[in-house]
Amino acid sequence: MASLRTLLARPWIWSFFGALLVWLATIAFTGGYGGGGMITAALSLAVFTVIVGVGQMFVITLGPGNVDLSLPANIGLASAVAMKVMDGNDAMIAVGLLAALACGMAIGAVNYLLIWALRIPPIIATLSASFVIQSVDISYGRGLQIKPPPGFADFTNWQVFGIPVLAILTVLFTIGAGIVLQRMIYGRSVLAIGQNIRAAWLAGVSVGRTRFLTYMLSGALGGLDGALLAGYFRGANVDIGNEYLLASIAVVVIGGTSVAGGKANVPGVWGAALFLVLLLTMLNTFGVSVGVRLVLTGLIIVGVITAAGGQKALR
Amino acid sequence: TSGKKIAFSNNYAGNSWRQAMLDSYGIVTKKAVADKVVGAADVFTTADKEVPTQAAQVQNLILQGYDAIVINAASPDALNGAIKQACDAGIVVVSFDGIVTEPCAYRVVVDFKDMGKQEVEQMAKFQPKGGNLLEIRGLAGTSIDDAIHAGILEGVAAHPEFKIVGSVTGDWDQTTAQKAVATILPSLPDVVGVVDQGGDGYGAAQAFAAAGKPRPTIIMGNRQDELQWWKEQKEKDGYQTWSASIAPGVSTLAFWVAQQVLDGRTDVPHDLLVPYLAFTQDDFEAALPKIPKGGVASHEYTQEDAVAAIKANIK
Amino acid sequence: MPEASADIIRPDGAEKHFGAVSMDIIRLDGAEKHFGAVRALAGVDFSVRAGECVGLVGHNGAGKSTLMHMVAGTLTPDGGQIAVRGGVEASYSVPRAQQLGIRCVFQELSLCPNLSVAENTRINHASLHGFGWRRKAADLIAAKLDEIFPGHSISASDIVGDLSITSRQMVEVARAFTVTQEPLELVILDEPTSSLDAQTAGQLLAFVRRFIAAGKSCILISHVLGEVLGNADRIVVMRDGKVVAAGQADQFDRDRLVTAMGGAEAREKAAAEIASGKPGPGPLRVRARPPRQQDGNELVARAGEIIGLAGLAGHGQTDLLLAIFAAASRAKTGIEVTAPVALVAGDRQSDGIFPQWSIAENIGIRSLARLRNGLLISPQREAELAELWQRKIGIRTPDMNNNIFSLSGGNQQKALFARALGSDAKIVLMDDPMRGVDIGTKLEVYDLVREEARHGRTFLWYTTETEELDNCDHIYVFKNGRIVANLRRDELTEEKIIQSSFGDAA
Amino acid sequence: MLRSLLPALSLALVLIAIAWLNPRAISYFGFSLMLNLAIPIALATIAQMFVIAGNELDLSIGTFVGFVGCVTATWLKDAPLLGVVILLGSIGVYALLGALIHLRNLPSIVVTLGMSFVWQGLAILILPKPGGKAPDWLLALMAFKPPFIPFPIIAALLIAAVVHFGLMRTSYGVILRGSGGNSAALKRAGWSLLRTKIALFALTGLFGVLSGMALIGITTSADANIGNGYTLLSIAGVILGGGEFVGGRVSPIGAVIGALTLALAASPLLTFMHIPPDWQVAANGAILIIVLAARVLISRRER
Ligand SMILES: Nc1ncnc2c1ncn2[C@@H]1O[C@H](COP(=O)(O)OP(=O)(O)OP(=O)(O)O)[C@@H](O)[C@H]1O
Ligand SMILES: Nc1ncnc2c1ncn2[C@@H]1O[C@H](COP(=O)(O)OP(=O)(O)OP(=O)(O)O)[C@@H](O)[C@H]1O
Ligand SMILES: [Mg+2]
Ligand SMILES: [Mg+2]
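Residue numbers (the working numbering), protein chains in the order written: chain A, 402 to 716; chain B, -3 to 311; chain C, 117 to 622; chain D, 885 to 1187.
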């Protein structure tokens, strides 16, 4: 009983609650048909949101105004870089992944350079950067769909007993991210900066380095995600990351991370990502029209967050 | 018309169809400028498929003093204000693909409704027994999506052996389409065919494979990867389907129409119907090698084609 | 405390005394308040009469501020009764308190930093509206500032966020005393002098005396017992959520107050004895010259020294501390720092506290590298560090894993001390760090500072309380961002400091 | 002092660049054309500014503008009374959201993210395919050609002046901004935070409605996706205009200038520069970066 209460007090539980509810509603509609397949599909698709969501979470935790709007463009460019480097050749998979990571990190570094050297607010800096990246991508990839090597494509879709291996790896990754956040100096620094950047500086936190690393991390995860997406969706293209602009922010905030900064929530990212995919599944399964689907999506998001409620203000 | 300047207003460049459109346009107009048929033919692209941005772009082209504007519009109606201003300034406006409804402009129209209807007609050839269909729709709230959808509904009405059991929104984006199909598949009964709006076929095929569902007949959209996949399936077990889409090169037809109007032709009808580009089981393999890897099938028009098309449309 | 019980409020409530106590402006009977497991108020009886100044003292976390929140209507008691001028109030609230002429200057500053001084005045005076309200508000607050703090340099159009913490406190006080349509009967001052220097604090207290003489009432909370003893008509002593003593001010003296509060007894003489056994000067730790310094004066601190920074508030002391802090991580011309630095912030809300974190996490942040076990921070070591310092400087809380905001103001400040002293820093910068710290704790912290200095730590200590300078080996007096006097401990007198602070030495 | 002039400086910079690239644009006709689409952006930016003043963020303003556009082009024309009721009702929905966010202490960013789907869905339901027509009076208003000074400039001045007066000079405006600066202080002074939140959200709704109507007045007919880009534009406009995400520090004049700068930098400047198609999008970003970087050089010198 008491443990149930502490569980309910955790902000992330609500996103899992929402996911479960939506899933139950769907299988109630189909009479139990396809329930397992839905979870498999949800896990495979949620992975991509979770990876960028974690990067976005670290950035948002840096405090108000911090957000990485360059993720979609980053994903698009990295997907093209990865596919071009791999060039359909299984032997080049690792090199391609590294290239995507390097590309993402370079983008993160440029973002922070704009923020730090030119004192541009992060939201505008990353938005401007994303325009430039998009152009680079267009002229580099020419808008063409570049195919992944078969080995890589199969890997992104590899399942063991209906559980995507990529999802298992991502779970391990998020556990690692949780540990970094709570138990490593870097993570604590991020949390401190998010609560009060001046106090953090005065408490000896290396503010500049932490912010730099955070934007790099977000960039790197965007790059990795781009490569994986190109594998799963069988080809890189400029638009491949578009939906992750809103989705990466949505999973972070629905998952219980504070937009005011200084408070992050790793499991919530998973819960929210599954919730969003299963919500799409449910509405697609119900077969409602687009308009109704959008309205319901919105109302359900508002409903879940209202049920969860915010935290009480301190003093 | 050697002194006339023609501008091309485009609102997006990030996919292979748009890239092919720009390529075709570039090839034809460069030659036209070199041959002194027109004075200048400049291309202006905005980023985001946004209506207000393109409206502002058109207004700025007016200020630039162009004689004609060729436009692929983000919205058929919402740009009318800006188009009217252009016409009032004496500028010839020719729209294609994304057409505008403002009466003073010219429209190079593809009969999308017929294309949708044809999809079902063709499906009936490959699946004479009929069965369940999955429909993938395009970007909600746009006129092309609406027209193709209407055509498909008409086709299904004419072929009662077919039933649409699921409908998802693919936003004309392979990633979104594949994701949407993946979420709905687990709960769908067996599907014999997929009708879509072009370009989503490959993503749909991947989603069916990932879910381990039998491969249905998927109507294709003239992209290289779609035709390539079709070829592989055909070689494997004689798979049959049909492919249709508007040719990106229609931009060049619009260019020539603008040139003809500038040349003083007064008999050009404001609505020019041109056929869409379709491939059948017999001719698609011949076309395949000519399409760049990751690109889309196209066709460039000549001045004579334009004259002929105008003639064909004069009633 | 039988001697002091003469005036203790009897717990039998207002109803019986109806006529007799009609002089009471406000009266609380059996007020109780719980915050989770913490019993902040355990049945307190408290009253204020017209024309008196009540001094309220008690250790950090005694419940003073909580009690004042009840009087101001910003917190509702869990139990007990509130009566105003004899009439029991069923639903007491902020608007009701305002109607009755009760105002409060809260311990945590309650100004909007994004608004101007005049606009902040408007926030507390609902009647300031309509045509020309800006002019009216500006005139009112400017007049009040002139009246209370003659010679202040605050303009009504200044944005509060740009003001120093001292000026902000002045604005807040002046705002509370400003009169518009509503009557003004009682002003609560919760540690109003904590960020003021001796000069402005004196101005304020003089004004309070004039205010009382005009028949109004006031509640004065302060940890500087002299202020309370010198200005209050009646003193109420709180301890652990209860009133433990109350009586006319002349019945108390400093020692009796300290004893009643339950603090450290008579340990003040400690300062002198330490000074003797001091080793010679150690290696150089800090050498700094303020940017605006034109002559050869510079600040020099060696290992084991306690250096005082004195002068009127806002004359460059904090700036120099911040510059030294910055120079520790990034070379800066004119400043030399040779060892790790930690800082104890005085403006704890904006410079010190991490509001989302527990007390333990707030203490540990400066020492993360040492709390590691391999790559990971060890929760056990973090807890040990927190507990060590909880014992050492007596942070009052049942659990160091509680949120930092569950602490009273003074205890929050102690946590900031623990953060700096528990770190590996050889140099500790203190930016008027005793704001809101109770007298008992102060004495403990003085001891701690001297002990740490004996072990080789260097302290640079900016303070607005002249008494504290007694703990320093060397004092630099600041004026207009420059060092204008450089006094050894044995040269130190109050007059010298005042003289240099106001003189034309620079 | 100089800091508050920075937004104006950015605008001047962009204008100078435009004048240099295309002198013809600096004319009555040129300004009318270049700036008329900036009016709805300015209104949307003002809308966003109100929620930002209360430390909240509205991720739904773009789709809300689209929704309003669809209502304007359909019901407001065909059944004006119904249209007015719906638009007023939508402002009411905004007010309710403010109340909900305050009472349940919700992160506004999630609530408005959800609402962005709702508005877009409703827009698509109202207008499944583009079309409709703006009411004639609205068309006439937006096509108004006053003597000497182009209408968009007058409109921008008017918007800036009215909102500046309302938010920065009136006594309740102080309370609204104070709720972003220090809500605890406001509460202690006896003000209702519920009421300030409702007021700020209702004002956002009101200006969202004005933005949608102005947009349709210019484009003449509607499209369910027409406003989608306004969410980011409006946030960027507020920040460019010197506003901050927290602390109630906003400036209506700055916001309008920020919106004009964005509108000018994004399109006219770009169109006049003749950049290869591949790099036109990049130029859009580069212009933003340059405009902001120039500000930094100046504000650095000031420190
Ligand atoms: N003098 C100062 N006053 C207040 N805050 C400061 C000051 N100097 C730096 N900061 C804060 O620290 C942030 C970054 O400062 P800086 O670039 O010096 O990083 P850093 O902490 O030295 O990091 P690193 O050690 O990695 O270089 C600034 O944005 C600011 O918020
Ligand atoms: N919001 C709160 N949540 C939890 N505990 C609280 C809260 N406010 C006060 N307390 C607790 O109530 C007790 C009384 O606090 P209060 O602020 O009244 O003390 P105080 O006498 O004003 O101390 P100080 O001199 O340090 O200001 C303390 O133990 C404090 O930790
Ligand atoms: Mg207190
Ligand atoms: Mg003091």
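Calculated from the structure, these hints are not laboratory results.
Small disclaimer: the values here were computed from a predicted structure and weren't measured.
Where hints are given, some of them may not hold.
Mimicking EDC-like on lysine to aspartate or glutamate, the simulated pairs with C-alpha atoms at most 16 Å apart in a straight line are [unchecked claim]: (1) B:K289 to A:D488; (2) B:K230 to B:D279; (3) B:K286 to B:D19; (4) B:K121 to B:E157; (5) B:K45 to A:D488; (6) B:K307 to B:D267; (7) D:K1071 to C:E224; (8) C:K508 to C:D589; (9) B:K227 to B:D267.
Quick list of simulated restraints, FRET-style, between CB atoms [stated by the list, open to error]: (10) A:R610 to C:S466: 19 to 29 Å; (11) C:S494 to B:D186: 49 to 59 Å; (12) B:E228 to A:G436: 44 to 54 Å; (13) C:Q496 to B:A205: 28 to 38 Å; (14) C:S466 to D:N989: 18 to 28 Å; (15) B:A205 to A:R610: 44 to 54 Å; (16) C:A158 to A:I569: 49 to 59 Å; (17) C:Q496 to D:N989: 27 to 37 Å; (18) C:R486 to A:W517: 51 to 61 Å; (19) C:S243 to A:W517: 42 to 52 Å; (20) C:S280 to D:A1024: 28 to 38 Å; (21) A:G436 to B:K232: 46 to 56 Å; (22) D:A1178 to A:G436: 30 to 40 Å.
Every beta carbon over 10 Å from chain D, so not counted as near; a handful from chain A, in silico [to be verified]: (23) S540; (24) P550; (25) G710.
Each residue gets a CB set at the ideal place from its N, CA and C atoms; glycine is no exception.
Against the structure, the hints come out as follows:
1. B:K289 to A:D488: Distance of about 12 Å is within 16 Å: holds.
2. B:K230 to B:D279: Status holds; Cα separation ~13 Å.
3. B:K286 to B:D19: The given pair, whose Cα atoms are some 14 Å apart, holds under the 16 Å limit.
4. B:K121 to B:E157: Holds, at about 12 Å.
5. B:K45 to A:D488: Roughly 30 Å separates the two Cα atoms, so the pair is violated.
6. B:K307 to B:D267: Roughly 12 Å separates the two Cα atoms, so the pair holds.
7. D:K1071 to C:E224: Between K1071 of chain D and E224 of chain C the Cα gap is close to 13 Å, so the pair holds against 16 Å.
8. C:K508 to C:D589: Violated, because 24 Å separates the two Cα atoms, which is more than 16 Å.
9. B:K227 to B:D267: Answer violated: K227 of chain B to D267 of chain B is near 36 Å, above 16 Å.
10. A:R610 to C:S466: 19 to 29 Å: holds, 23 Å
11. C:S494 to B:D186: 49 to 59 Å: At roughly 58 Å between Cβ atoms, D186 of chain B and S494 of chain C fall inside 49 to 59 Å, so the hint holds.
12. B:E228 to A:G436: 44 to 54 Å: The hint (44 to 54 Å, Cβ to Cβ) is violated, given that E228 of chain B and G436 of chain A are roughly 33 Å apart.
13. C:Q496 to B:A205: 28 to 38 Å: violated, 51 Å
14. C:S466 to D:N989: 18 to 28 Å: With Cβ atoms ~23 Å apart, the hint holds.
15. B:A205 to A:R610: 44 to 54 Å: Distance hint for A205 of chain B, R610 of chain A holds at roughly 46 Å.
16. C:A158 to A:I569: 49 to 59 Å: Since the Cβ atoms of A158 of chain C and I569 of chain A sit about 55 Å apart, the hinted range of 49 to 59 Å holds.
17. C:Q496 to D:N989: 27 to 37 Å: Since the Cβ atoms of Q496 of chain C and N989 of chain D sit about 34 Å apart, the hinted range of 27 to 37 Å holds.
18. C:R486 to A:W517: 51 to 61 Å: violated, 29 Å
19. C:S243 to A:W517: 42 to 52 Å: holds, 48 Å
20. C:S280 to D:A1024: 28 to 38 Å: Since the Cβ atoms of S280 of chain C and A1024 of chain D sit about 56 Å apart, the hinted range of 28 to 38 Å is violated.
21. A:G436 to B:K232: 46 to 56 Å: Roughly 32 Å apart at Cβ, these two residues miss the hinted range, so it is violated.
22. D:A1178 to A:G436: 30 to 40 Å: For G436 of chain A against A1178 of chain D, whose Cβ atoms are near 58 Å apart, the range 30 to 40 Å is violated.
23. S540: About 4 Å separates S540 of chain A from the closest Cβ of chain D, which leaves it inside 10 Å; violated.
24. P550: P550 of chain A is indeed farther than 10 Å from all Cβ atoms of chain D, at 27 Å.
25. G710: For G710 of chain A, whose nearest Cβ neighbour in chain D is about 5 Å away, the distance does not exceed 10 Å, so it is violated.
In the structure shown, a violation is registered for the earlier hints numbered 5, 8, 9, 12, 13, 18, 20, 21, 22, 23, 25, in ascending order.
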